[in-house]
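Participant: Chain by chain, the residues:
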Amino acid sequence: MTERIDLPQGTLDLLILRTLSLGPQHGWAISERVQQVSSDVLRIQQGSLYPALHRLERRGWIKAKWGTSENNRRAKYYELTRSGRKQLEAETESWRKLTAAVAQILESM
Amino acid sequence: MLNDLLFRLRALFRRNAVETELGEELIFHFENEVEKYKRAGMSEDEARRRARMVFGGQEQVKEDCREARGTSFIEATLQDIRYAARQLAGHPTFAVVIILTLALSIGANSAIFSVIDSVLLKSLPYPQPERLVRIFLTNATYPKFALNPFDFRDYRARGKSFDGLAAITRDDLQLSGGSGAPLMLNGFRITSGYFRVLGLRPELGREFDEKAELAGNQQQVILSDRLWRAQFGAAKDIVGRKITLNDQPFTVVGVMPRGTEHPGNEYHSLVYGNDVDVWWPFTFEGNPAQRGSHYIEGFGRLKDGVTAEQAQSEMNAIMAQLGREYPNDAHWHVMVNPLYREVVGSSQRMLWVLLGAVGMVLLIACANAANLLLARASARQRELAVRLALGAQRSRLVRQLLTESLLIALVGGTLGLAMAVGGVKALVSFLPSDFPRAHEIHVSAPVFAFTFLISAATGILFGLIPAIQASRTDPRQGLHEGGRTATGSGRSSRLRNALVVSEVSLACVLLIGAGLMLRSLLNLLHLDPGFKQEHVLTASLSLPEAQYKTSVMTSQFFDELTTKLSSLPGVESAGAGTDLPWTGYDENTSLNVEGKQPAPHEEFHARYHSATPDYFRALGVPLLSGRFFTKADNKDAPTVLIINRVMAEKYWPHENAVGKRVTFEDKPTEKDWNTVVGVVGDVKDKPNSASAEPAFWWASLQVPYRNMSLAVRTASDQQLLVDAVRDEVKGLDPALAVANVQLMDEIVQGSVATPRFAFVLVGMFAGLAILLAAIGTYGVIAYSISQRTAEFGLRMAMGAQRSDVLRLVLMQAAKLVLTGTVLGIGLGLLLARVLKNLIYEVSPADPLTFSAVALMVIAIAVLACYVPARKAMQADPMVALRAE
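Residue numbers (my numbering), protein chains in the order written: chain B, 226 to 334; chain Y, 189 to 1072.
Check the hints yourself; a few may be wrong.
[Unchecked claim] BS3-like, lysine-lysine: derived pairs with alpha carbons at most 30 Å apart:
| hint | chain 1 | residue 1 | chain 2 | residue 2 |
| --- | --- | --- | --- | --- |
| 1 | Y | K918 | B | K288 |
| 2 | Y | K918 | Y | K737 |
| 3 | Y | K250 | B | K288 |
| 4 | Y | K250 | B | K290 |
| 5 | Y | K224 | B | K301 |
| 6 | B | K301 | Y | K424 |
[Said to hold, decoys possible] One side of the interface only, derived from the structure: several residues of chain B facing chain Y at Cβ under 8 Å:
| hint | residue |
| --- | --- |
| 7 | G252 |
| 8 | W253 |
| 9 | Q271 |
| 10 | G272 |
| 11 | Y275 |
| 12 | P276 |
| 13 | H279 |
| 14 | R283 |
| 15 | R284 |
| 16 | R298 |
| 17 | A300 |
| 18 | K301 |
| 19 | E304 |
| 20 | R307 |
[To be verified] Derived, one-sided and incomplete: chain Y residues facing chain B with beta-carbon distance under 10 Å:
| hint | residue |
| --- | --- |
| 21 | E213 |
| 22 | F218 |
| 23 | Y225 |
| 24 | M230 |
| 25 | D233 |
| 26 | R254 |
Hints were generated in silico from the structure; no laboratory data involved. Please read all numbers here as calculations on a predicted model, not as lab measurements. Where is the CB? At the ideal position from N, CA and C, for every residue including glycine.
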């Protein structure tokens, strides 16, 4: 079994925005996608997923509408707004800087 | 930002829809999860079980989502309020006691604050009132003295610190030919520019110009709005019309708008804000080199940026110049005081003391409320334990309990505000008549804000500690012991005891304050005023100059009138004098005493009056030596004086003053000398003045005045004589108004109105305080007894007597009450010093007051413990033990 890592503070938002940048998704699909893409290392608890979605919606970075899922059920789909896209770029950029800086320190000492 | 707000609003107002959507969304997720496990080969049941495990607490997720939506705070608050209201409705006695005591204390605070706000905090109703000042002369003998008109004219010409200077002096006029009987009007003579200095403008017409200050130009008048409406039907064409004042034609030059406030004055005073009916020109007459008489009062508007101190030092430089030019002006200094301080100065300290006193009442009410909440929190321990066990956060519990106490405080505050509205009306009607700005007092917006603030602060103050205390409940213990507190009560009972101790000590402080004020009031009431106030009817008359041209006519009028009044049935004696005791009369002159020299840089001074022969008899002022005036002391006889004891002792110490002579001239001839024929007892300016001023009286047949006050001593009810006195005046001169008909008793009562007012209020607050403290003590003792029922039962089962139990309970109570009393006495000793200027002839550490208060507090507290203690004593051991 793969070892799982708890998500650091603030990265959840980034992962959700990145996942939604590929197209509208419902909550369950987002958590599945993150788990798959990270080869099961990252797993989003729904206890943190839904509050995060509501928070992002409040900030206007994503918007929600009801649609029909693959298995023909009513599901709430989230999609990236324009300001959400900008936010994603900004956060990606700062994430890269952060990880690069952390990596540099870890390697040089 | 906007998006955020819209989102929150939608979440708040479409709460049900949002909740349904959330539920649906979570179920969808759950079903997908189940599907996933089924696809992995699990059975339906197993898949659901697994999904549920992964899923975690649905409600928790929902709660977190609500939090994320940003509406949880408002929602939770609404929920808390609903819950709190239910809680209070469920315990009506608790709710009523706590809300009523808070309402009373908050209401009292709001009422006193209304007075403070209107009197002290609101600025005076003039433009830029901070630039307005009063100008006085001062020296060692007369700390606050009126100005000399010619001095004033020089200040005005030479002073550079002011935008304007003006002076006024009280000079009432008698209106005839208006609608109805002759009427005495409150009048002031004013210099030109008086209203401009105050920043006021006439509604109609204009104010007096400089020409009006010239002798002979005084027959012009500015009317008050009230007089204009009442007597002249608000005629628009009033300006330019002639009206009859003092039997002479006066031209109306203006009408002042409604609400033109009188800025207050000292000399023949009308208090601040009182009604002035007419203003007429002050004319500068007489010899400008003679500067010994002082009777006008100065007002000034400081130039922007100039302080009262700077103006004062400039004025003193001018006064020093004048002192070199005119001998009368030497040895005087000028005092420039901000008008605000002059208006409110005397009442300021009393008002802050009253606010302090009600503040203490509120603190006691807080302690009381906290105590009741603490007692109830123990009863609610089980409920709180259940909520904690179900996962409620402690902070959430604190918040909910705080909401409850805030709700209580705000309900109490609202009720209190309603009480304050009624209370302020009662308070104003009860204020001493000379209280500044009394007519401006009402409950205004700042009072609402103040009430809201103190209510909220009160709610937090009395709610926070019990809330924190309650949230510390250990869920296991709370549940386990079925709501009975055995161990958890140690800390909370210490807290409760501390609260009772502080209640008792604060109540002590208030009682001490009230006690000191009561003693001071009694001292004032029992003070020998120097005259006998019972059965004396007084009134004032002002003879118009036009009709009573000569001094003979004037003196004859008062001679005839007093003779006629004396012969009325039931009248013992009747006299007339320039003034009555305690009415603020203050006219002084310098004089020379035969064979004496004043100390260098000093002058002999005395207050002058004039009186008819029976004036002293009518007032009951005792003759100490010599004789009273007689009808023989007339124009043809040598001028005589009656002096008071202070004057006799000041100028002729260890000598008999009778037969000694004084003069008011610098180079007297033989006829300028006045001989002292009698010495009378002292009448102080105010009942609590340290001593009387040196004073003398001329015989009114020799030195008559047109403005005189009547004093009529009767054998029986003086009220019956009012009409008889009016009739006699009418018989002599039908055009004469009889003003200020008053009983001397009323004047005396009026003079102690302020100390009485302060005492009654502080007394009421102290009463409320001790009642609250008694309720607090009762509550704590009753609660502790209910907690110890089993213990008492056990003790009695083991053979303790009922009296032992009683002693046990009383000991516990006594410990609290004694600690509180000792602390209260100590605090009282510290705080009573602020009363120093408010109390008369009582030491702030008065042993009688302190010991009486200590005994009273202990007695009341013991009484408050007696009821629950008796209950404990009568406990049946078996019942008590079964209560386990």
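Participant: Please check whether Y225 (chain Y) passes as an interface residue: C-beta within 10 Å of a C-beta belonging to chain B.
Facilitator: violated (13 Å)
Participant: Please check whether Q271 (chain B) passes as an interface residue: C-beta within 8 Å of a C-beta belonging to chain Y.
Facilitator: holds (6 Å)
Participant: Minimum Cβ distance from E213 (chain Y) to chain B below 10 Å?
Facilitator: holds (5 Å)
Participant: Would the hint on Y275 (chain B) be counted as holding, given a Cβ-Cβ threshold of 8 Å to chain Y?
Facilitator: The hint holds - Y275 (chain B) has a Cβ within 8 Å of chain Y, the shortest such distance being about 5 Å.
Participant: Taking the least C-beta to C-beta distance, is R298 (chain B) closer than 8 Å to chain Y?
Facilitator: holds (6 Å)
Participant: May I ask you to test the interface hint for G252 (chain B) with respect to chain Y, counting a Cβ-Cβ separation under 8 Å as satisfied?
Facilitator: holds (6 Å)
Participant: Minimum Cβ distance from E304 (chain B) to chain Y below 8 Å?
Facilitator: This hint is violated: E304 (chain B) lies away from chain Y, its Cβ roughly 15 Å from the closest one there, beyond 8 Å.
Participant: Taking 10 Å as the limit, does the beta-carbon of F218 (chain Y) come near enough to a beta-carbon in chain B?
Facilitator: holds (9 Å)
Participant: Hey, does the D233 (chain Y) contact hint survive, CB to chain B under 10 Å?
Facilitator: violated (21 Å)
Participant: Against chain Y, with CB atoms and a cut of 8 Å, does the hint on R283 (chain B) hold up?
Facilitator: Result: holds, 5 Å to nearest chain Y Cβ.
Participant: Against chain Y, with CB atoms and a cut of 8 Å, does the hint on R284 (chain B) hold up?
Facilitator: Given a least distance of 7 Å, the restraint on R284 (chain B) holds.
Participant: Should the interface hint for W253 (chain B) be scored as holding, given a Cβ-Cβ cut-off of 8 Å against chain Y?
Facilitator: holds (4 Å)
This entry does not satisfy hints 1, 6, 19, 20, 23, 24 and 25, going by the numbered hints stated previously.
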